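Peer 1: For what it's worth, my numbering labels the leading residue of the sequence shown as 7, then goes sequentially.
There could be a bad hint or two in this list.
Below 25 angstroms or equal to it, Euclidean Cα-Cα: the simulated SDA-like pairs (lysine to any residue) are [said to hold, decoys possible]: (1) Lys-298 x Pro-154; (2) Lys-298 x Glu-190; (3) Lys-298 x Leu-127; (4) Lys-298 x Gly-152; (5) Lys-298 x Thr-285; (6) Lys-298 x Ala-247; (7) Lys-298 x Asp-260; (8) Lys-298 x Arg-135; (9) Lys-298 x Ala-265; (10) Lys-298 x Asp-182; (11) Lys-298 x Ala-194; (12) Lys-298 x Glu-248; (13) Lys-298 x Ala-173; (14) Lys-298 x Pro-167; (15) Lys-298 x Gly-99; (16) Lys-298 x His-163; (17) Lys-298 x Asp-165; (18) Lys-298 x Ala-186; (19) Lys-298 x Trp-283; (20) Lys-298 x Asn-212; (21) Lys-298 x Ala-278; (22) Lys-298 x Ala-143; (23) Lys-298 x Ala-32; (24) Lys-298 x Arg-254; (25) Lys-298 x Thr-181; (26) Lys-298 x Ala-183; (27) Lys-298 x Gly-193; (28) Lys-298 x Ala-249; (29) Lys-298 x Leu-192; (30) Lys-298 x Ala-166; (31) Lys-298 x Pro-288; (32) Lys-298 x Thr-150; (33) Lys-298 x Val-131; (34) Lys-298 x Trp-264; (35) Lys-298 x Ala-262; (36) Lys-298 x Asp-128; (37) Lys-298 x His-69; (38) Lys-298 x Ala-252; (39) Lys-298 x Pro-246.
Hints listed in this document are in silico derivations from the structure and should not be mistaken for laboratory results.
Since we're looking at a predicted model, the values are computed, not measured.
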Amino acid sequence: MGGMCAVRMHPDEVDVDAALVGRLVAGRFPRWAGLPVERLRSSGTENAMFRLGPDLVVRLPRHPGAVEGVAHEQRWLPRLGPLLPFAAPEPLGRGGPGEGFPWPWSVYRWLEGANPVAGALDDPVSLARDLAAFVTALRGVDATDGPPCHRGVPLAHRDAPTREAIARLAGRVDTDAVTALWEEALGAPEHAGAPVWAHGDLSPGNVLVGGGRLTAVIDFGSVGVGDPAVDLIVAWNLLPAEARGAFRAAVGADEAQWARGRGWALSIALIALPYYWDTNPPLAANSRHVIKEILAERG
7 MGGMCAVRMH
17 PDEVDVDAAL
27 VGRLVAGRFP
37 RWAGLPVERL
47 RSSGTENAMF
57 RLGPDLVVRL
67 PRHPGAVEGV
77 AHEQRWLPRL
87 GPLLPFAAPE
97 PLGRGGPGEG
107 FPWPWSVYRW
117 LEGANPVAGA
127 LDDPVSLARD
137 LAAFVTALRG
147 VDATDGPPCH
157 RGVPLAHRDA
167 PTREAIARLA
177 GRVDTDAVTA
187 LWEEALGAPE
197 HAGAPVWAHG
207 DLSPGNVLVG
217 GGRLTAVIDF
227 GSVGVGDPAV
237 DLIVAWNLLP
247 AEARGAFRAA
257 VGADEAQWAR
267 GRGWALSIAL
277 IALPYYWDTN
287 PPLAANSRHV
297 IKEILAERG
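Please build the complete structure, drawing on both the sequences and the hints.
Peer 2: Take a look at the structure:
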């Protein structure tokens with residue numbers, strides 16, 4: 007895994023280290039007691055990740071806002087994972103509060119692969135088609151009784167926080183240009199079809215590759231049903247311009263859906279950039295990359 011070392015990113019974040027994880031595991035899962043625990047370098051913002059021995063990974067919420075995702079993944083991954091063409095996290099156990107840690111946490115099977123880096127892909131067109139196959143398969147899963155995707159909503163729901171972020175970025179980005187792009191995205195027709203499944207956070211940190219090809223998609227804490235356009239964000243946060251056409255064609259996005267996907271990518275980047283400017287350099291760099299790509303694409 008690429009990325010950064012552990013740093014505090016949220017004011018309500020709790021401290022977690024390998025020794026604590028070892029005690030939690032020993033108390034809840036004696037069969038895994040004594041396995042080596044190693045914190046993983048990651049640019050993730052919601053959860054801390056620790057490798058447990060050669061075959062397992064422990065995932066713990068960093069702050070209260072991430073706690074709901076534990077039960078969410080435990081419920082939905084067993085249903086969704088077997089239906090997807092690439093590996094997804096496999097929950098093996100759920101722990102509870104203890105040793106001073108206040109929330110539930112999960113143990114998953116280890117997945118091989120590395121996070122890709124925008125601008126340094128070995129085979130971007132093949133990866134684009136792999137990502138489209140994942141998105142298409144997820145969209146095809148029966149959405150009956152699926153939970154709402156909090157990012158599967160109309161872009162207008164993001165208007166206030168996006169404009170607030172633009173104001174905070176005055177002097178650091180071309181605020182007139184990004185405001186115009188945001189208003190263009192708001193003008194796209196809303197999703198008119200039935201709600202379908204969307205991952206909700208298809209970003210480089212949640213994608214694993216090997217040999218230039220997609221091997222797994224992780225972090226299903228935002229998965230749910232709604233407008234699937236949000237899963238098009240990967241076209242700008244990871245894929246280069248020359249691979250976007252292959253991704254769009256394979257996923258079958260029409261003009262309105264593509265415009266909404268671009269709007270989601272822009273909004274997520276604009277909101278993340280001032281918040282993580284100092285605390286999460288990889289995520290801030292990717293946010294700047296997204297803004298640059300969309301500005302270049304729209305001329």
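Peer 1: It remains to establish, for every hint, whether it holds in the given structure.
Peer 2: Do the hints match the structure? See the list:
| no. | hint | in the structure |
| --- | --- | --- |
| 1 | Lys-298 x Pro-154 | violated, 31 angstroms |
| 2 | Lys-298 x Glu-190 | holds, 16 angstroms |
| 3 | Lys-298 x Leu-127 | holds, 18 angstroms |
| 4 | Lys-298 x Gly-152 | violated, 35 angstroms |
| 5 | Lys-298 x Thr-285 | holds, 21 angstroms |
| 6 | Lys-298 x Ala-247 | holds, 11 angstroms |
| 7 | Lys-298 x Asp-260 | holds, 23 angstroms |
| 8 | Lys-298 x Arg-135 | holds, 23 angstroms |
| 9 | Lys-298 x Ala-265 | holds, 16 angstroms |
| 10 | Lys-298 x Asp-182 | holds, 14 angstroms |
| 11 | Lys-298 x Ala-194 | holds, 21 angstroms |
| 12 | Lys-298 x Glu-248 | holds, 15 angstroms |
| 13 | Lys-298 x Ala-173 | holds, 18 angstroms |
| 14 | Lys-298 x Pro-167 | holds, 20 angstroms |
| 15 | Lys-298 x Gly-99 | violated, 41 angstroms |
| 16 | Lys-298 x His-163 | holds, 24 angstroms |
| 17 | Lys-298 x Asp-165 | holds, 20 angstroms |
| 18 | Lys-298 x Ala-186 | holds, 14 angstroms |
| 19 | Lys-298 x Trp-283 | holds, 16 angstroms |
| 20 | Lys-298 x Asn-212 | holds, 21 angstroms |
| 21 | Lys-298 x Ala-278 | holds, 14 angstroms |
| 22 | Lys-298 x Ala-143 | violated, 30 angstroms |
| 23 | Lys-298 x Ala-32 | violated, 47 angstroms |
| 24 | Lys-298 x Arg-254 | holds, 20 angstroms |
| 25 | Lys-298 x Thr-181 | holds, 12 angstroms |
| 26 | Lys-298 x Ala-183 | holds, 11 angstroms |
| 27 | Lys-298 x Gly-193 | holds, 21 angstroms |
| 28 | Lys-298 x Ala-249 | holds, 16 angstroms |
| 29 | Lys-298 x Leu-192 | holds, 19 angstroms |
| 30 | Lys-298 x Ala-166 | holds, 22 angstroms |
| 31 | Lys-298 x Pro-288 | holds, 15 angstroms |
| 32 | Lys-298 x Thr-150 | violated, 38 angstroms |
| 33 | Lys-298 x Val-131 | holds, 20 angstroms |
| 34 | Lys-298 x Trp-264 | holds, 18 angstroms |
| 35 | Lys-298 x Ala-262 | holds, 21 angstroms |
| 36 | Lys-298 x Asp-128 | holds, 21 angstroms |
| 37 | Lys-298 x His-69 | violated, 30 angstroms |
| 38 | Lys-298 x Ala-252 | holds, 20 angstroms |
| 39 | Lys-298 x Pro-246 | holds, 12 angstroms |
Hint compliance for this structure: hints 1, 4, 15, 22, 23, 32, 37 are broken, all remaining hints hold.
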